[in-house]
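Chemist: Residues per chain, in single letters:
4 protein chains.
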Amino acid sequence: MAQYRVLIDANDEKGIVHKVSTLFYENDLNILSNNEFVDKENNKFFMRSVVDGAINADELQRSLSDVLPTGGCAHVIIPKKKNIIIMATKEMHALGDILIRHEAGELEANILAVISNYDVLESLVSKFNIPYITVSHENLERDAHEKKIIKAIQEFEDVAYIVLAKYMRILTPQFVETFKDKIINIHHSFLPAFIGANPYKQAYERGVKIIGATAHFVNNNLDEGPIIAQEVIHVTHAYSWRDMQRSGRDVEKIVLSRALKLALEDRIFVHVNKTVIF
Amino acid sequence: MAQYRVLIDANDEKGIVHKVSTLFYENDLNILSNNEFVDKENNKFFMRSVVDGAINADELQRSLSDVLPTGGCAHVIIPKKKNIIIMATKEMHALGDILIRHEAGELEANILAVISNYDVLESLVSKFNIPYITVSHENLERDAHEKKIIKAIQEFEDVAYIVLAKYMRILTPQFVETFKDKIINIHHSFLPAFIGANPYKQAYERGVKIIGATAHFVNNNLDEGPIIAQEVIHVTHAYSWRDMQRSGRDVEKIVLSRALKLALEDRIFVHVNKTVIF
Amino acid sequence: MAQYRVLIDANDEKGIVHKVSTLFYENDLNILSNNEFVDKENNKFFMRSVVDGAINADELQRSLSDVLPTGGCAHVIIPKKKNIIIMATKEMHALGDILIRHEAGELEANILAVISNYDVLESLVSKFNIPYITVSHENLERDAHEKKIIKAIQEFEDVAYIVLAKYMRILTPQFVETFKDKIINIHHSFLPAFIGANPYKQAYERGVKIIGATAHFVNNNLDEGPIIAQEVIHVTHAYSWRDMQRSGRDVEKIVLSRALKLALEDRIFVHVNKTVIF
Amino acid sequence: MAQYRVLIDANDEKGIVHKVSTLFYENDLNILSNNEFVDKENNKFFMRSVVDGAINADELQRSLSDVLPTGGCAHVIIPKKKNIIIMATKEMHALGDILIRHEAGELEANILAVISNYDVLESLVSKFNIPYITVSHENLERDAHEKKIIKAIQEFEDVAYIVLAKYMRILTPQFVETFKDKIINIHHSFLPAFIGANPYKQAYERGVKIIGATAHFVNNNLDEGPIIAQEVIHVTHAYSWRDMQRSGRDVEKIVLSRALKLALEDRIFVHVNKTVIF
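Residue numbers (our numbering), protein chains in the order written: chain A, 1 to 278; chain B, 1 to 278; chain C, 1 to 278; chain D, 1 to 278.
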């Protein structure tokens with residue numbers, strides 16, 4: 001007996017649940033949890049089930065694909081640790097939070113490496129016996145720099161996600177395209193407020209009473225990819241922008257780790273520019 | 001074509017989703033939303049579906065009952081306004097919030113009457129052309145007082161819920177039994193902290209940094225019924241207990257109205273002493 | 001013995017607290033609460049004290065002004081109900097929340113009138129014996145419409161605040177200038193995200209996981225005045241924009257009422273485009 | 001020029017602010033921030049000022065003490081890193097969070113050692129070159145075990161705080177007395193709900209919709225010391241108690257670190273069984 005995660009993403013049509021649950025029943029699978037969502041606006045159906053039983057995952061996946069409407073997509077996943085690479089710059093909080101969770105065995109992930117454009121974080125990362133790769137951007141055009149990072153990433157196999165734990169450089173469309181749907185970023189504002197540089201300073205200048213952080217997949221428009229998770233905290237007039245930055249770090253790290261956990265547990269569907277999260 | 005809410009509550013068993021979704025499919029019903037939960041500890045299965053189609057609700061309910069495990073329970077509900085009675089004492093905020101929502105057409109409910117042990121709120125309620133019934137407790141034993149209230153309530157037909165909008169008297173087991181599973185209360189604390197009288201004063205004396213409110217069904221143990229909704233706000237040392245009470249009112253009214261909305265939309269299952277909310 | 005609120009707003013300079021507290025001491029005033037803030041960036045000092053004693057408020061105000069740095073400003077206020085006018089359009093929740101608080105005696109305010117461009121809310125407002133003035137915008141240029149509203153407002157004396165309780169028309173600079181620093185608006189988004197029309201639809205389309213509301217003073221840039229209060233709630237992919245709107249209403253009304261309370265209790269300083277709130 | 005933190009704690013009396021601010025003025029001190037609170041119920045006055053200037057801290061402290069009402073207490077503190085000792089058992093999250101903050105230079109503290117009754121966390125702590133002391137409780141009476149810990153702590157000098165980062169054993173009055181007002185604990189519930197063992201299981205069984213964590217000073221009644229900080233998160237019926245525990249960890253670590261930061265920055269006054277926090 002083993003557990004399987006079944007993900008279904010199809011155009012909505014009468015009978016999908018019937019067909020899928022019939023297949024589960026015929027395969028003698030027990031449903032442990034089941035989440036569905038119909039996006040009426042786009043006529044899309046999403047489903048995530050956790051089932052247990054004794055099946056061949058590939059066969060079930062094929063059978064499911066056969067009963068779905070044309071274009072529908074089924075994945076049957078056997079839960080196991082996914083490979084991730086973390087990119088960071090100089091700040092320690094978001095990276096450190098992931099390292100501690102990894103050390104505690106709390107993450108369904110193997111951290112293959114941490115890549116940074118500085119060597120500042122090497123001393124922290126090396127404590128955990130995780131490879132640290134410095135790819136300095138000094139004296140390099142953006143493209144040349146990114147090519148070196150891409151090459152470094154491609155040395156590794158089966159990279160499921162690239163986690164930008166406060167990686168402070170803008171990625172080119174080429175980079176994003178290379179790792180399409182695999183890059184998770186933490187932006188230090190409550191998006192879409194304060195896109196771009198130094199959002200805490202922007203927030204301070206606007207005089208907001210709440211600040212936040214947003215974890216999202218990266219696409220080619222800066223800070224405009226599908227949002228995975230957001231969280232906020234209250235601030236007052238007494239906060240300088242540095243105070244906002246300090247307090248914001250706690251939100252950033254928690255939100256990034258929460259988004260990473262959702263991704264590792266196969267709980268996120270992306271459609272158009274939004275996420276469905278079970 | 002009409003919408004139906006289908007509620008299922010049964011011992012968990014392989015194949016329930018299959019059987020139910022097959023019935024939906026055979027009745028040519030379209031699933032608009034579908035929520036399921038398996039309580040593994042108690043081996044219970046809960047499901048709430050909204051479907052549309054053209055069926056006989058009673059027949060579908062019978063067919064569903066037939067396919068469920070022994071003891072399982074199916075309800076097919078045609079959405080319509082439910083009858084409610086509100087009980088209050090002297091405070092205006094929770095009652096007023098419901099009255100405004102009712103006036104705005106936001107509630108799936110008819111307010112049949114407001115019953116109070118004082119006449120303080122009559123001037124407010126009568127503005128909205130809703131019957132106000134004062135049942136004074138003066139010079140009456142608790143039992144005699146409650147019997148008069150029970151009689152007043154029983155003058156009305158099809159009372160779905162009795163909403164205690166800061167009704168400040170303890171109800172006897174007899175009252176609770178008479179309206180079993182129908183009484184929704186707002187308690188002005190984050191239960192189970194500060195059960196009983198003047199929770200804000202208790203919270204002030206304990207020096208908490210967060211206060212809250214809890215909407216729950218009433219059972220025979222004071223403030224111990226199944227919790228429907230809770231919400232909190234932050235406070236500081238600068239709050240007197242009166243300040244906590246004032247700020248707490250906003251939480252109380254929002255939480256009570258949220259719980260009432262969940263009940264009116266048939267989104268709550270009660271099992272043992274807990275709720276499952278879809 | 002009476003209570004006074006003392007508000008001080010001056011360029012920061014060594015000795016201000018000393019001078020002010022010396023005056024309090026010499027006037028035999030007891031400090032009940034005292035809040036100070038130094039805005040280092042702008043070198044500004046803000047203070048709000050509540051004192052009790054037996055003084056002439058005007059004299060104390062003059063004495064305070066004398067000891068403040070040039071340009072500094074002192075107000076000594078005897079707490080009493082302020083006159084307010086509410087403007088609304090068709091939605092009931094924010095207006096209703098203020099009406100109930102007013103009825104409960106919870107607001108330090110007299111509501112002089114409710115002004116709307118529709119008659120939809122008249123039946124609600126008239127229940128509370130508050131004048132309702134319909135100023136239809138039909139067949140009128142924006143300027144002509146506003147002139148009629150300004151005229152209607154100016155019929156009343158001593159209007160401290162104009163509260164826009166979901167008044168859905170954009171105000172011209174002329175209107176804003178006429179009631180400078182007196183207009184409080186509720187915007188149905190977490191500003192500065194989703195400025196302008198239908199922020200819930202914008203939020204839905206962006207796929208955010210949190211929505212909010214912002215109470216702010218109105219200046220001449222749409223939705224860009226000084227922020228008084230903000231609050232948020234979590235949403236999921238399952239929320240349509242109508243669901244966001246429905247849930248958002250609870251946040252809107254609570255935030256607007258909170259901002260109004262702060263204004264009525266003289267707790268807000270405005271400097272440049274921000275608020276200091278004690 | 002240097003910064004000083006001035007803490008004042010006295011019976012309330014007319015003129016305190018006047019006298020203190022006069023001393024500041026005469027010593028040519030600039031007030032950078034100033035917080036005051038009058039606890040009317042207990043007739044107590046609390047004040048925390050940050051000032052800069054060039055003074056002798058001890059002399060200022062004496063002068064302040066001289067002008068305060070009898071029994072009043074003034075402290076003039078030159079900000080510097082405080083020595084702390086962390087106690088933990090087996091869980092990594094709260095300890096790890098403090099270690100990362102310490103490594104990032106974010107804490108105003110030197111971690112002298114981590115003491116545990118198990119060696120589980122040694123591998124984590126030793127990465128950071130911090131002494132790890134295992135004091136096993138096996139085959140020891142509670143008193144004997146604690147005496148060994150007390151001895152281990154007393155090897156160090158100037159220990160400002162002992163931080164219980166999920167130290168899972170109950171401390172005896174003797175231990176608490178030895179380090180009076182110096183022990184900060186994180187309790188994994190929203191106190192006073194769910195005092196004692198396994199609060200997540202208690203929360204699960206009660207069916208609450210919100211769980212939380214509480215940082216507090218330890219006194220001789222289990223989980224009843226003065227509360228410093230609290231935070232909560234929403235949960236649903238779908239959370240097992242293990243899920244609550246997992247999600248709760250994020251709250252626990254953030255709240256404990258927040259409380260520790262407040263203590264290190266001398267922002268907490270304790271009076272009777274409550275805190276005043278500036």
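Some hints here could point you the wrong way.
Identical copies look the same in the list; a pair holds intra-copy or inter-copy alike.
Taking lysine-lysine pairs in the DSS-like style, the calculated list, with each CA pair at most 25 Å apart, reads [claimed, not checked]:
#1 Lys274 / Lys201
#2 Lys127 / Lys90
#3 Lys148 / Lys14
#4 Lys80 / Lys40
Read the hints as simulated data drawn from the structure, not as lab findings.
Chemist: Out of the numbered hints, which ones does the structure contradict?
Modeler: 3
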